[in-house]
Amino acid sequence: MPSRIDLPRRRLLRAALGSAALAPLASLRFAQAATAGAASDRRFVFVILRGGLDSLSAVPAVGDPDFAVARGVLAQFAAPPLPLDSASDGGLFALHPNLAALHAMYGRGELAVVHAVGLPYRQRSHFDAQQVLESGSPRPYELSTGWLGRAQSRSASASLALATAVPLVLRGPGSVDTWAPSALPDPGADLVARLARMYAADPALANALERARVLHLDGAMPADAMRAGMSDGPPAGPARGGFVALARRAAEFLVQPAGPQVAVLDLGGWDTHANQANPNGPLANNLRQLDAGLAALREGLVAGNAWRRSVIVVATEFGREVAVNGTLGTDHGSGGAAFVLGGPVRGGRVFGEWPGLAQRERYEGRDLRTTTDLRAVLKGVLADHLQVPGARLDNEVFPGSEAVKPLALLRG
Amino acid sequence: MLPLPLGEGRGRSGAFKPHAASPLSGTGLQAGTRTASEGREATRSEPNRRPPAGWSDRADDWLGPDAVWKRVEWATRAADRLGAIVDARALAAQSLGPLLGGATRLQIERAADGPQALALLLLAPEFQRR
Chain A
1 MPSRIDLPRR
11 RLLRAALGSA
21 ALAPLASLRF
31 AQAATAGAAS
41 DRRFVFVILR
51 GGLDSLSAVP
61 AVGDPDFAVA
71 RGVLAQFAAP
81 PLPLDSASDG
91 GLFALHPNLA
101 ALHAMYGRGE
111 LAVVHAVGLP
121 YRQRSHFDAQ
131 QVLESGSPRP
141 YELSTGWLGR
151 AQSRSASASL
161 ALATAVPLVL
171 RGPGSVDTWA
181 PSALPDPGAD
191 LVARLARMYA
201 ADPALANALE
211 RARVLHLDGA
221 MPADAMRAGM
231 SDGPPAGPAR
241 GGFVALARRA
251 AEFLVQPAGP
261 QVAVLDLGGW
271 DTHANQANPN
281 GPLANNLRQL
291 DAGLAALREG
301 LVAGNAWRRS
311 VIVVATEFGR
321 EVAVNGTLGT
331 DHGSGGAAFV
341 LGGPVRGGRV
351 FGEWPGLAQR
361 ERYEGRDLRT
371 TTDLRAVLKG
381 VLADHLQVPG
391 ARLDNEVFPG
401 SEAVKPLALL
411 RG
Chain B
1 MLPLPLGEGR
11 GRSGAFKPHA
21 ASPLSGTGLQ
31 AGTRTASEGR
41 EATRSEPNRR
51 PPAGWSDRAD
61 DWLGPDAVWK
71 RVEWATRAAD
81 RLGAIVDARA
91 LAAQSLGPLL
101 GGATRLQIER
111 AADGPQALAL
121 LLLAPEFQRR
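Taken in order, these protein sequences are the chains called A and B.
With the first letter of the first sequence counted as 1, position 317 gets the number 317 in the working numbering; the numbers rise by one all the way through.
With the first letter of the second sequence counted as 1, position 63 gets the number 63 in the working numbering; the numbers rise by one all the way through.
Bound-form chain B, shown alone:
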C-alpha cells in the first residue's frame, strides 16, 4: 500500500491544503460526503449548505449515539472502498500534521489492515472537534 500519491491530487485540485478540515479534501478522492467542524465549511468551497445527516453543527446533535453511529457506518463504507489504495498513516500526518494526537496515531499504527486504519482516521476526534 503506497502513501497517497500527492502528485495526482495536486494536479487536479490546484492546491493541496495540509491540516485541512477533512482528511480527504485536496486529495482528489471522493468519499461521498464530507466532515463538518463546528460551523466551518470544508476546504472545498461550496455555497452555504446544511450539513449532511450525522454532521450537524450543534453539539447536541452530532454527539448523540445515532449521529455517532451514522459516522461510524459512513467511515466503514468509505474505508472499504478506499482503504486498499490509501495509506492512512501518511494521510494522517499530511492532513493533521501537528494536530495528530497520540491516541489516534497509535490506533492507526496498530490497525489490522488498511481499511480499518482509514476508518479510524476518518473518525478521529481531531476531525470532530476543531
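Bound conformation, chain A alone:
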C-alpha cells in the first residue's frame, strides 16, 4: 500500500503528532499565528534540477581569463552568451543563449544568480547528493524528512508538489498535496541510452530496443552513437513541453488566496555526460525548457498579482567538472549555480565568491570549488520571505547549520 501519499493515514499521523508532547509549543504556535498573517500571502517555489546542471554552460564565466582554455570546446556557444553586467564584477558572467527570459528578468532586477554554490556533500553521487539537497542534512540518509517540509510544519496552508508523489524535500509533519498532469510521461532519450548500455550483453534485447528506439524517438541515429549518448532527442524528465505546462499550473494554484504557500517542481535530464555542445542536444533543449517554464511561472504569478510576493529558488544537486570529458560532455562535480527570482529579490547581480577556473583553483583539481553553502541561500529566503525564525532554521530546518550565515537576497 502506498504509504506517504495515503491521505487518511497522513491525517492520523498528524493528529498523533499534534497531541503528543507538543503542549509547551502550543502557546508559541498561537503567538506565531497572530503575527504570521503578514507572511501567509507570501509564495515560495523550489525548482529541483535533477542530474547535476552544468553550471559553467548555464552561467559561463566568460570574463575569467582561464575560461576558454579550461572549458575547451564547451567554451563555445552556438549563439553569443547573454552578458550579466553589473558594477561589481565587470562582465565576468553571462547566461547561456537559451536563457533569454531569465536574462530579461536579470535586466529588470528580478533575478539573482548565485555561483560557486553547493552542498556540504561532495562525493558526486546523484542518490546521495539529492538526498542531501532535499533533506537539509549535511550527510546523506540521516534525515527522512525534508527541509521545506520541516520549515512548513507550522504553516496553516498545505504545500503543493507538482509531481505524482511527494518529494523528500516536502516530507514532514505538515500536509502536502500532489498534482500531476493526466498525460503520462514518455521514455526519454537518456533513459533509452542507458538501457542500451544495460542490454549490451544481450543481443536480442539490444536489437529489439534499438529498432523500437528508431521507431519511437526523434532523430534516429546509429546504435553506437546512441550508446555514447550522442543522440538528439527529447529531454529526459517530463514530456517535451511538460515542464512549461507544470509551471503554468503551479502559478494557477499559487495565486489563489487560499492556495499553497509553497510549491515544488522537478526538472530532470541534466546528467549530461556526453554531447553538451550540440545546439539541439539534451543540455540545450533542457535549458530552453527551463527558461520557458520559469517565464511561464512568472507570467502566471504576475497575472494573479502574486509576483511581488513570490520567490523562486532553482537549485541542482551539484555542478559538473570544469574540463570536458572524452564524449564532449562533463562528469559529476561540486560547485554550481543557483537562481533566485521573484518580485522581492535583489536581482541584477551575481552573489558569491568566484574561486577561479585554473586547475590549482579547482576542487580536487576537477570541479568548480564551492565557496557558498546552498543552505545560506535557502536560509536567507526562508528567514526573510517566509519569516522562519533563525533558531528554527539552525536547529530544525537545517540541523547543524549554525555556522552557515543566511544570504541577504531579498529587498527591504
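These are computed hints drawn from the structure, not numbers from a lab.
Be aware that one or more of the hints could be misleading.
Capping the alpha-carbon separation at 20 Å, the derived lysine to aspartate or glutamate pairs in EDC-like fashion look like this [said to hold, decoys possible]:
(1) B:Lys70 / A:Asp186
(2) A:Lys405 / A:Asp373
(3) A:Lys405 / A:Asp394
(4) B:Lys70 / A:Asp202
(5) B:Lys70 / B:Glu126
(6) A:Lys405 / A:Asp384
Got chain A sorted already, so can you dock chain B onto it with the hints?
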C-alpha cells in the same frame, strides 16, 4: 530517498519473498501490472491468466520492438509514480540478490535520479529472462 521499508511490506503480505520474479512483488507496492518470465507466474498467486500486452510468454512476441517499447513505457510511468519513494539500489539487491548482474547494478548506481534508477531496474534483463 530511503531504502524500501520492508516492515510495511512484510506486515501486509505476510511474507517477503526475495529473488522474486518481479521486483515489486512482496513489497506491497502496486505498479499496475506484473512481469512474467517464461511461463512462470509472479509470486502473487492468481488463477491462470493470459499475460498482459508486452509480457507474452513466447520469445517472438516479447522480443519484438513493440513489446519492448511497451515495457519501456510502462516502466517509465511506474517509475514516475514510485521513483521518489523507492530506492532502486536497495530493491535491486533485495529482489535479485546474487542474480543481479554487473551491467544492471552499474546502470542503476549511475542513474541520474530515483525514477530513472527504478525504470532501469524494472527493465533489467534479469527480470526478462529467468
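Structure-based check of all given hints:
1. B:Lys70 / A:Asp186: holds, 11 Å
2. A:Lys405 / A:Asp373: Status holds; Cα separation ~9 Å.
3. A:Lys405 / A:Asp394: holds, 10 Å
4. B:Lys70 / A:Asp202: Roughly 18 Å between the alpha carbons, so the hint for B:Lys70 and A:Asp202 holds.
5. B:Lys70 / B:Glu126: holds, 18 Å
6. A:Lys405 / A:Asp384: holds, 13 Å
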